[in-house]
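K.L.:
Sequence:
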Amino acid sequence: MGRGPDDMFGDEDFPAYTIGRAAEIVGTTQEFLRRLDEAKLIDPYRSSGGHRRYSRYQLRLAARVREMVDQGTALEAACRIIILEDQLEEALRQNRHRQ
Numbered sequence: 000m001g002r003g004p005d006d007m008f009g010d011e012d013f014p015a016y017t018i019g020r021a022a023e024i025v026g027t028t029q030e031f032l033r034r035l036d037e038a039k040l041i042d043p044y045r046s047s048g049g050h051r052r053y054s055r056y057q058l059r060l061a062a063r064v065r066e067m068v069d070q071g072t073a074l075e076a077a078c079r080i081i082i083l084e085d086q087l088e089e090a091l092r093q094n095r096h097r098q
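If you use numbering that gives the first Met the number 0, the sequence shown corresponds to residues 0 to 98, in order.
No wet-lab data here; the hints were simulated from the structure. A couple of the hints might just be wrong.
[As the list claims (entries may be wrong)] Derived SDA-like pairs (lysine to any residue); straight-line CA-CA distance at most 25 angstroms:
1) Lys39 x Glu11
2) Lys39 x Glu23
3) Lys39 x Ala73
4) Lys39 x Tyr56
5) Lys39 x Ala76
6) Lys39 x Arg20
7) Lys39 x Ser54
8) Lys39 x Arg97
9) Lys39 x Glu75
10) Lys39 x Thr17
11) Lys39 x Asp10
12) Lys39 x Asp12
13) Lys39 x Arg65
14) Lys39 x Gln70
15) Lys39 x Ile24
16) Lys39 x Ala22
17) Lys39 x Gln98
18) Lys39 x Arg59
19) Lys39 x Thr72
20) Lys39 x Ile18
21) Lys39 x Ile80
22) Lys39 x Asp69
23) Lys39 x Arg52
24) Lys39 x Leu60
25) Lys39 x Arg55
26) Lys39 x Phe13
27) Lys39 x Thr28
28) Lys39 x His96
[Said to hold, decoys possible] Between beta-carbon pairs, the in silico distance windows are:
29) Ile80 x Glu30: 28 to 38 angstroms
30) Tyr56 x Thr28: 37 to 47 angstroms
31) Glu30 x Gln98: 41 to 51 angstroms
32) Gln70 x Glu30: 15 to 25 angstroms
Please read these numbers as outputs of a predicted model, since none were measured by experiment. Just so you know, even glycine gets a beta-carbon here, dropped at the ideal spot from N, CA and C.
Let's have the full structure, built from the sequences with the hints guiding it.
P.N.:
Rendered as structure tokens:
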């Protein structure tokens, strides 16, 4: 059975946003979002026509990178920092569950 609209609206990982809308929400360009894909930070869902679709979680990551880049951090470094932060958060979460 398919997912209803209420399920999709509450899903942080549902690919609801086109690249144009995602860029508008994050306050950046479509090219910036493509570069995040190239840097392997964000792997957007691809529609059957090959168009990128972004989730709210991915938009939050993009906004974090944009803030860091705006403060002078190189894009690749910002992506790496965010990846490491997320890995650390996951490791801490797993550690809490083992205690």
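K.L.:
Can you give the numbers of the hints that this structure goes against, from lowest to highest?
P.N.:
Hint check: 8, 17, 28, 29, 30 fail, others pass.
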